[in-house]
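These are the residues of each chain, in order.
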Amino acid sequence: MLLETAVFDRLSASGLGRSAFAPQDYDGAALERLSAITDILMRIFGAEDAALVEPAILQPADILFDLYGEEIWERSFIIEDLEHGAWCLRPDFTAPVARSHLARAETGESARYRYCGPVFRRARGAGDGALQQLQAGVEVIDEADPATRDAEVFDLARQALDAAGCPPYDLVIGDLGLVFGLLDAVPMPDSWRARLRRHFWRPQRFSQLLRRLGGEAPSAGEASRMAFLKGFGALGEEDAARAISEMMALAETPQIGVRGSEEVAERFLRQAEDARAHPLPQASVDVIEAAVAVSGPADAALTRLKALAAEAKMDLSRQTTLFERRLEALSARGVEPSRLRFDAVFGRDLAYYDGFVFEMRPFPTKATPAPRRLGGGGRYDRLFQALGAERPVSGVGAALKPEAILAAIAAGDAAGAAAMDAGAAS
Amino acid sequence: MSGAATSRNGAESAPLRFGLPSKGRLQEKTAEFLKAAGVTFERSAVDREYAGRLRGLDGVELVFLQAGEMPDRLMRGEIHLGVTGEDLIRERAGQWERRIMLLAPLHFGHADLIVAAPKCWIDVSTTDDLDDVAADFRERHGHPLRVATKYKRLSRAFFQERGVANYRLVDSQGATEGLVAAGAAEAIVDITSSGETLRANHLKILDDGLILKSQAHLCASFSAEWSDRALQALRALLDRIGDEGAPRGRAALTARLDAAALGRAEPALTRLGVRILRRPLRGFPGEARLDAPGDELGLAVEILTAAGAEAVSAETAADPAAKPSLFERFSERLGAGDL
Chain C
23 MLLETAVFDR
33 LSASGLGRSA
43 FAPQDYDGAA
53 LERLSAITDI
63 LMRIFGAEDA
73 ALVEPAILQP
83 ADILFDLYGE
93 EIWERSFIIE
103 DLEHGAWCLR
113 PDFTAPVARS
123 HLARAETGES
133 ARYRYCGPVF
143 RRARGAGDGA
153 LQQLQAGVEV
163 IDEADPATRD
173 AEVFDLARQA
183 LDAAGCPPYD
193 LVIGDLGLVF
203 GLLDAVPMPD
213 SWRARLRRHF
223 WRPQRFSQLL
233 RRLGGEAPSA
243 GEASRMAFLK
253 GFGALGEEDA
263 ARAISEMMAL
273 AETPQIGVRG
283 SEEVAERFLR
293 QAEDARAHPL
303 PQASVDVIEA
313 AVAVSGPADA
323 ALTRLKALAA
333 EAKMDLSRQT
343 TLFERRLEAL
353 SARGVEPSRL
363 RFDAVFGRDL
373 AYYDGFVFEM
383 RPFPTKATPA
393 PRRLGGGGRY
403 DRLFQALGAE
413 RPVSGVGAAL
423 KPEAILAAIA
433 AGDAAGAAAM
443 DAGAAS
Chain E
22 MSGAATSRNG
32 AESAPLRFGL
42 PSKGRLQEKT
52 AEFLKAAGVT
62 FERSAVDREY
72 AGRLRGLDGV
82 ELVFLQAGEM
92 PDRLMRGEIH
102 LGVTGEDLIR
112 ERAGQWERRI
122 MLLAPLHFGH
132 ADLIVAAPKC
142 WIDVSTTDDL
152 DDVAADFRER
162 HGHPLRVATK
172 YKRLSRAFFQ
182 ERGVANYRLV
192 DSQGATEGLV
202 AAGAAEAIVD
212 ITSSGETLRA
222 NHLKILDDGL
232 ILKSQAHLCA
242 SFSAEWSDRA
252 LQALRALLDR
262 IGDEGAPRGR
272 AALTARLDAA
282 ALGRAEPALT
292 RLGVRILRRP
302 LRGFPGEARL
312 DAPGDELGLA
322 VEILTAAGAE
332 AVSAETAADP
342 AAKPSLFERF
352 SERLGAGDL
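In the order they appear, the protein sequences are chains C and E.
Counting the first sequence from 1 gives a position; this note's numbering is that position plus 22.
Counting the second sequence from 1 gives a position; this note's numbering is that position plus 21.
If you are wondering where the hints come from, they were derived from the structure by calculation, not from laboratory data.
The reader is advised that the hints may include incorrect statements.
What the hints assert, rightly or not - Some residues of chain E that are not near chain C, with every Cβ distance over 12 Å (derived): (1) Ala35; (2) Arg64; (3) Phe85; (4) Pro139; (5) Asp153; (6) Asn187; (7) Gly204; (8) Ser214; (9) Asp229; (10) Gln236; (11) Glu246; (12) Asp279; (13) Ile297; (14) Pro301; (15) Glu336; (16) Pro345.
What the hints assert, rightly or not - Stretch by stretch, here's where chain E covers chain C in the computed footprint (C-beta under 8 Å, at least three residues): (17) 220-229; (18) 242-253; (19) 279-285; (20) 288-295.
Even for Gly, the Cβ is constructed at its ideal location relative to N, Cα and C.
Please model the complete structure; the sequences and the hints are all you need to start from.
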């Protein structure tokens with residue numbers, strides 16, 4: 023009861039009513055329509071004999087922590103007791119499918135999966151939909167030819183939406199590989215790069231970090247610490263190590279916790295070393311900022327990113343070639359690149375995507391200003407590593423939401439009827 | 022206004038249920054605060070929740086509760102008024118503002134909610150550092166970086182805002198500061214008043230690790246059913262405790278000084294929230310007009326005088342009707358259906 027109230031409060035604050043997140047019961051005609059939509063999606067996702075899979079609804083929560091950290095608590099339904107440990111109602115399919123693939127398949131084996139069932143997530147804002155909602159999706163795990171696989175999965179999602187009778191929708195794409203490639207090409211200490219990568223999908227945090235690496239000190243304390251570290255960084259390694267042990271002895275600081283003095287000293291010295299590179303040159307800050315600001319038609323965005331890389335004398339050819347080849351593959355499937363909206367900071371709100379990403383959203387209308395997202399997907403090569411794969415595995419997938427599609431069709435019909443009425447009246 | 026409130030209930034004469042701390046220093050301090058408002062209470066020897074009497078205020082029923090119980094009771098509207106820490110209210114529920122109003126800070130029960138890490142971590146001084154350490158912690162040590170706390174909600178919100186990821190909260194029901202040395206956690210989020218316990222446990226507060234400065238508050242519930250009698254009792258109490266949270270209005274100041282002197286005084290004045298409306302001409306003394314917050318009037322006059330101003334005079338905009346009282350602000354939100 024209290025839990026429900028708390029969720030309701032959060033949603034009310036974000037402008038959603040109670041009905042927007044309440045799981046829905048279906049029967050009669052609505053259930054038939056929903057089943058028909060699901061059948062169509064699953065038929066399309068069954069291309070190339072994708073195997074039907076059904077991961078357990080209850081997933082071990084520890085795995086999720088590895089992937090997302092504590093933040094997942096806010097979004098997932100977790101059941102925990104001493105006897106059974108911590109379990110989580112699956113918040114999506116991609117991670118559970120990837121996990122069972124690793125458990126089942128031979129190393130290096132490629133596979134195609136399709137699935138359909140409910141997922142459970144606490145909504146964070148308008149567009150997230152209900153606490154429980156259906157997802158139907160496809161995952162392609164294949165080392166070969168990522169550009170073609172990306173385009174293929176994207177096209178499957180598009181075909182499925184069209185076949186289900188979904189009215190026109192907004193399309194946005196991104197490419198985390200491109201942005202990460204750019205970060206790799208800008209000279210800076212590895213620890214800074216890791217920090218920026220880690221927070222790329224939190225845009226506000228990312229730009230704050232970037233400004234600070236660029237020399238903006240949030241406080242006098244931080245500025246003086248940076249000066250201290252710089253001075254320290256100028257010492258030789260041996261002198262620095264001795265200074266540290268003397269410092270700690272002087273302060274009579276006892277060692278507590280599992281981080282030993284060696285680990286602490288090592289990171290301290292690395293910080294001091296890194297501090298000598300501080301601040302990140304303005305030109306580097308500028309090129310990163312310019313790159314993350316790129317948005318617009320996909321073909322124009324590519325041109326702009328190439329120009330930026332050339333200007334900064336960076337070699338991004340591997341990433342831009344992949345992007346280009348993906349656009350060609352999409353074009354061959356009848357998707358006009360100029361009609362795809364590219365947004366460099368679009369990383370979806372999950373940490374595990376690391377390449378091509380896309381999302382389909384209904385156009386907002388007066389009646390539904392914040393419609394539920396229809397679905398999306400992307401490439402998640404890193405996910406397998408996080409799940410413990412011994413060698414690199416490549417995957418790309420898409421998931422659609424039959425209930426959101428049903429709602430979009432109904433909204434489209436209503437808008438059409440209203441337009442007809444208006445036409446008849448005039 | 023009270024009509025809207027009473028329409029929700031039948032009992033026009035139901036008393037105001039006032040939650041008081043059931044023991045300890047918090048109870049003593051609450052007693053002092055109420056005494057200043059001419060209200061005293063006594064607890065009967067029998068240790069029951071409702072066993073208590075209030076003198077000096079009609080229409081009130083006392084409920085003795087532990088500080089930690091207060092937020093839930095207020096949220097659910099089981100008590101109308103309560104005395105508890107802001108930290109506990111904020112920890113208990115998101116969007117608490119819709120159900121609870123912090124009527125007045127009580128100037129006791131001060132506590133800072135902070136993030137602390139081992140003092141021997143000389144490489145960690147900010148939340149950024151904590152995030153860096155957390156990033157490869159599992160790889161190095163086989164488990165995620167653990168933060169012990171009983172303030173889980175506030176911790177998550179704070180770490181999310183600061184962009185600390187890859188950590189895990191572990192439950193602590195007391196003596197949190199000791200958990201790091203005991204090997205059960207790497208860092209803590211806890212309240213501290215003097216920092217003494219932290220030092221004794223070889224912990225240090227991160228430079229940007231202050232999550233919340235908390236103190237005890239008199240809190241009112243919007244979820245409770247307010248009878249006319251309960252509202253009257255609230256009004257009587259609030260009228261007596263004064264209204265320090267209210268906007269004091271502003272005061273108009275005039276002073277005779279030269280532009281350079283005003284320039285010297287300006288930074289200090291700005292910090293007080295004083296606005297300079299008219300400056301004297303450069304080079305010779307003239308009249309300056311300023312506008313100061315009511316509470317800071319005394320200090321503003323002092324600063325101007327110290328800067329060499331003459332003929333300093335002040336006029337407060339005395340229009341009490343224009344500013345709603347604490348009770349009026351509460352009942353307005355109650356009537357507006359803030360539920």
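Here is how each hint holds up against the structure:
1. Ala35: holds, 23 Å
2. Arg64: Nearest chain C Cβ is 29 Å from Arg64(E), so the label holds.
3. Phe85: holds, 23 Å
4. Pro139: Violated, since 5 Å does not exceed 12 Å.
5. Asp153: Given a closest Cβ separation of 6 Å, the condition is violated.
6. Asn187: The claim is violated: Asn187(E) sits with its nearest Cβ about 4 Å from chain C, within 12 Å.
7. Gly204: Its Cβ does come within 12 Å of chain C, the nearest being 7 Å, so this is violated.
8. Ser214: holds, 22 Å
9. Asp229: The claim is violated: Asp229(E) sits with its nearest Cβ about 7 Å from chain C, within 12 Å.
10. Gln236: Gln236(E) clear of chain C: closest Cβ-Cβ about 24 Å, beyond 12 Å.
11. Glu246: holds, 17 Å
12. Asp279: holds, 33 Å
13. Ile297: holds, 27 Å
14. Pro301: holds, 34 Å
15. Glu336: Fine: 39 Å to the nearest Cβ keeps Glu336(E) off the interface.
16. Pro345: With a cut-off of 12 Å, Pro345(E) remains clear of chain C, as the shortest Cβ separation is near 25 Å.
17. 220-229: The restraint on the segment 220-229 of chain C holds, since 4 of its residues have a Cβ under 8 Å from chain E and three suffice.
18. 242-253: holds (count 3)
19. 279-285: It holds, with 5 qualifying residues against the three required.
20. 288-295: holds (count 3)
Violation of the numbered hints given earlier is confined to hints 4, 5, 6, 7 and 9; the remaining hints are satisfied by the structure.
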